[in-house]
Amino acid sequence: MPTLLGITFVTFLISHALPADMAIANLGDHAAQDPQLVAAFREKWGLDRPLPIQYLVYLGHLVRGDLGTSITTEQPVGVELALSLPATVELATASMILAIIVGGLLGVVAGVRSDSPIDVVIRTVMAAGVALPTFWFAILLLFVFYFGLGWAPPPGQLDPGLAPGRPITGMYAVDSLLERNWPVFWNALAHLVLPAIVLATIGVGFIGRITRATVLDVLRTDYVRTARAKGLAERRVVWRHVVRNALIPVITVIGLLYAQLMAGTVLTESIFSWPGLGRYAYSSAGNLDFPAVMGVALVVGIFYVAINLAVDVLYAYINPRIRYD
Amino acid sequence: MRQAVRARRAWRTVGVLISVLVVAVWAALALAAPVVAPFGYDDQRVDESLQPPSARHLFGTDNLGRDVFTRVVYGGRVTLLIGVGVVLVGSVVGMMIGTISGYLGGAVDEAIMRSTEVIMAFPSIILAMAIAVALGPGIVHAAMAMVLVWWPGYARLARGEVLSIRHLEYVDAAVAIGQLPWRILVREILPNVRSSIIVLATVDLGSAIVTAAGLSFLGLGAVPPTPEWGAMVNMGRELPAAWWIAGFPGLAIFSTVLAFNFLGDAVRDVLDPRHHT
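Protein sequences appear in the order of chains A and B. Under the working numbering, the first residue of the first sequence is numbered 1, with each subsequent residue one higher. Under the working numbering, the first residue of the second sequence is numbered 1, with each subsequent residue one higher.
Honestly, the hints are just simulated from the structure, not real lab data. The structure displayed is predicted, hence computed values, not measured ones.
Here are a few chain B residues that sit away from chain A, every Cβ distance over 12 Å (derived from the structure):
1. P34
2. L88
3. Y103
4. V108
5. I165
Some chain A residues judged to face chain B by a derived CB distance under 8 Å, without partners named:
6. T3
7. A131
8. V293
9. A297
10. Y304
Ideal Cβ positions, reconstructed from N, Cα and C, are used throughout, including at glycine.
Same shape as in the complex, but just chain B (with noise of 0.2 Å):
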C-alpha cells in the first residue's frame, strides 16, 4: 500500500514538474513576444505563403505568408490574457458578492443566489456568446461576457464558505467585544473564503482559456489582424492540406489547458483536505 502511495506521489510530481514547465515556456514566450518573434505577426509575404514548417519559419506559413510561429506566439498573449483576466477579475468580484450575500443573509441573500442559478442554468459559452454578439466583437467585449458568466460559481462558493463559518465562536467574539461588520468581513471571514476560491480559480483557468479561445474561433473574441489561437485554428480549418496553420495554434491550447488542468489538480490537493484523489 505504502509503494502504490509513493508511486502516486512520484508520478504527481513528475506532472508536475513538467505542467510548470509547459506553463513556463508559453508565459516566457508571450512576455517576450516582440523579441522571440523571427517576424511580425502581420507581415505578410504572399510569396511565401502556405509553407510547411522549415528552419526559416518553425511553424510554416498562412494563407497571406505569415509566420505560425510568430502569430502563435503574439497569439498566446490574447489568449492567456483574456483566460487569466476573466478567471482574475470574476474570482474577486464573485468571491467579494458571495462573502456579502453569505453575511447578509435575508433578502439580498436571496436575490444574488436567484441571479447566480439562473446564470449557471446555461451551458457558459452560450451564455457568453449570446452576450459577446449582444456587444459586439472584440477581445473586450468577449472577455466582459466571460466574466458575466464566470463570476456566480465563485459567489456560490465564497457563499457556502460564509455560512459554514458566519456563526464560528471567533466571529461571535469579534461582534461581542463590537468590531465593524466590514473590519469582520475582511479579518475572519475573507481569509478562509480565500483558500478554497484560489483552489477554484487554478482548476477553472484550463476551461477559461478553452472558452476564451472557442469564442474567438465563433469571431466573437479576436478581430483580425489580432493572432489569437482560437481564431487560428479556425482561419485553418478550410485548409487540410496546411496542416500547420490549425495544428499548431491548437497544440497550444491543448497543451496550455492540460498543464493548467494539471496544476490545478495538484493545487487543489494541497490546499484541500476535503478532496482526495
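Excised from the complex, chain A in its bound form (with noise of 0.2 Å):
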C-alpha cells in the first residue's frame, strides 16, 4: 500500500515538479494560447495552492479516474487507457505463456545435459534472446514473415473486414473463443503470434536461465539421488522431481518478466499496429502528449506493483517453507 501511494506520489513530482510550466505542458502549445483555458485548468488542479495541497487535489483527481485530458485527442486518458488495456493484456498474456514453456523447457533441457553441445546452443539463444533489442526483432520478422514470404498476418489484431464481435473482456481471441466464433478466433491467434513471439524472447531467456539454474541444483539434491539409485528410469526422475522444483523459482520471476513485458510492447506494439498499451505510450511520447504518458506510467507501476503482490502471495502459498510475519 505505501508503494502504492509512493507511485503516484512519484508520477505527481514528475508532471507537477519537472516540467517549466504544468500548465502548458497539459495543454500542449496551441491550446496554452488561450488564457481562459490555462487559467481553468490551474484552478481545476489547484496549481496556485502550495504544493502538498496539490498532491492531495491530485489524489482526488486519480480515486476518481481523472488522469487529465489528452493534449492530442482531447479525450480523457483515463478512457483511452481504459480501451488499450485489454490488447495489451492479451499480448503480454500470451507473451508470457508463450516464454514460460519455451523457457521452461530449454532451461530444463540444458540443464539435465548441461556442459555438452547442447547446453552451449541453448544458452547461447539465450543471451541472444536477452540482448536482442525488441524493437529490431520486431521490424526483422515483419519484413522476412509478412513482407518477404509473406507468412504472417498484416499488423494489426484481425484481418481488414473481419468484426471482432460482442466485446466480452475486449480481448479478440477470448472474445471469440467465448463465442464459438471460430473464423474470428483463429484468424485473432494468427495476428497474435508474431508480437508473442518478439515479446517472448528476452522472457525466454530470464526463465531459461533460472530454470537451468535450478535444475542443476536440484540434480545435486538427496531426494534425487535417491530416486535414482531406487533405480527409477531417468525421465521419471526428471519430470517428477526435477521440474515441479524448477518452476517455483520461476514464479518469482513472473513479476520481473511482467516489467520486461510492458517496456516490451511500448516499443513493439505499434510496430504490429497493435491497438495497446504500448502503442499509445509510443504515439504519445512521440507527440510529447503529456498528460497521456503519464496516465501510462501511473497505471504501468500500479499494474507491476500489484502483480509482484500477487506473486509473493502464490509464492507463499507454494511453498509452505516460507511464511512472512
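Could you use the hints to bring the two separately framed chains together as a complex?
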C-alpha cells in the first residue's frame, strides 16, 4: 500500500515539479495560447496552492479516475487507457505463456544436459534473446515473414474486413473463443503469433537461465540421488522431481518478467499496429502528449505493484517453508 | 568432470575474446568516426537515395541519400556515450547515496530506501520515458531521465554491502582510534563496496544501451539530424524494401549489447566469488 502511494507521489512529482510550466505542458502549445483555458486548468488542478495541497488535489482526481485530458485527442486519458488495456493484456499473457513454456523447456534440457554442446547452443540462444533489441527484432520478423515470405498476417489484431463481435473482455481472441466464433478466433490467434514471439524472446532468456540453474541445483540434491538409486527411469526422475521444483523460482521471476513485457510492448505494439497500452505510450511520447504518458506510467506502475503482490502471495502459498510474519 | 570444467573455460575464453573484439571495434569506429566515415552524416545525396549495400556505400543509403555506414559509425558515438555515461554517473551517484544511507542508518536510511523502492516499482523505460517527455526531447534530457531511473539499483546494492561490513572489526577499530566518519567511509568501506558495484555496472551496460536506443526509437533521445542507432531503426521501419536502413543500426545495437552482456558475466565470474554459473 505505501508503495502504491509512493508511485502516485513519483508521478505527481514528475508531472508537477519537472516541467517549466505544468499548465503549458498539459495543454499543449496550441491550447496554452488561450488564457481562459490556462486559468481553468490552473483552477482545476489547484496549481496556485502550495505543493502538498496540489498533491491532495491530484490524488482526489486520481481516485475519481480523472487522469487528465490527452493533448492530441482531447479525450480523457483514463478512458483511452481503459480502452487500450485489453489488447495489451492479451498480448502480454500470450507472450508470458510462450516464454514460460519455451524457456522452461530449454532450461530443463540445458540443465539436464549441462556442459554438452546442446547446453552451449541453448545458452547462446538465451543470451541472444536477452540482448536482442525488441523493436529491431519485431521489424526484422515483420520484414521477413510478412513482407518477404507472406506467411504472417498483416499488422493489427484482425484482418481488415473481419469484425470482432461482442466485446466481453475486450480481448479479441478470448471473446471470439467464448462466442465460438471460430473464423475470428483463428484469425486473432494468427495475428497474435508474431508479436507474442517478439515479446517472449527476453522472457525465454530470463526463464531459461533460472530454470537451468534450478535444475542443476535440484539434480545434486539427496532426493534425486535416492530416486536414481531406487532405479527409477531417468525420465521419471526428471519429470517428477526436477521440473516441479524448477518451476518455483520461475514464479518469483514472473513479476520482473511482467515489467520487461510492459517495457517491450511500448516498443513493439506500434510496429504491429497493436492497439494496446504500448502503442498508446509510443504515439503519446512521440507527440509529447504529456498527460497521456503520465497516465501510462501510473497505470503500468500500479499494475506492476499489484502483480508483484500477487506473486508474493502465490509463492507463500506454494512454498510452505516461507512464512511472512 | 574436470574435462567439463576445462571445456566450459575454453568456451568462456573464446566468448570473452570475441566480445572484447566486438566492443573494441565499435569503440574504435566511434572514436575515429570523422576519419573512418567516408561521408558526412548529414550529406544528403537525393539522387543516390535508397541504394542497397555496395562498394561505395557499405551499408547502403537511406531515403535522403545519406550513407548508412557513416551514420551508423557516428550514431555509435551517441548511443554508446549515453549508455556508458548513464551507467557511470548512475553507479557513482548510487554508490555514494547508498553508502551514506547504510552508514547513517535511521530516518535518512528509511527515506532513501523508500525512494529507491518506489522508483524501482516502475519498469525502467516507462519511467525514463515519462521523465524524458516532461523534460523535452534531446540527448541530455534522455540521459538525465535515465540517470534518475538508474541510480536506485546501485544505491541498494551499496547499502546492502555497507550494512554487512559496518560492524566488522576493522571498522570498529577505526572508530575506536578516533578516525573521522568520513575517512572511515572512504578508506574502509568504499573499497569493499566498489567491487560489487563494478560487477553490476558491467552487467548493466547492455540494458542501458538498449534503453538509450529505445528512448531514441520513441523520438525522445536524439533529435534529427543527429544519428543514433535507435532513431535510425525507427526511420527504417516503414521501408521493408530498404531493409538495410533499419537492419544495420539494429545489428550494431544487438552486437554491442551481446558483447557487453557476455563481458559482464565474465567480469562477474572473476570478481564475485559468490556467484557461479
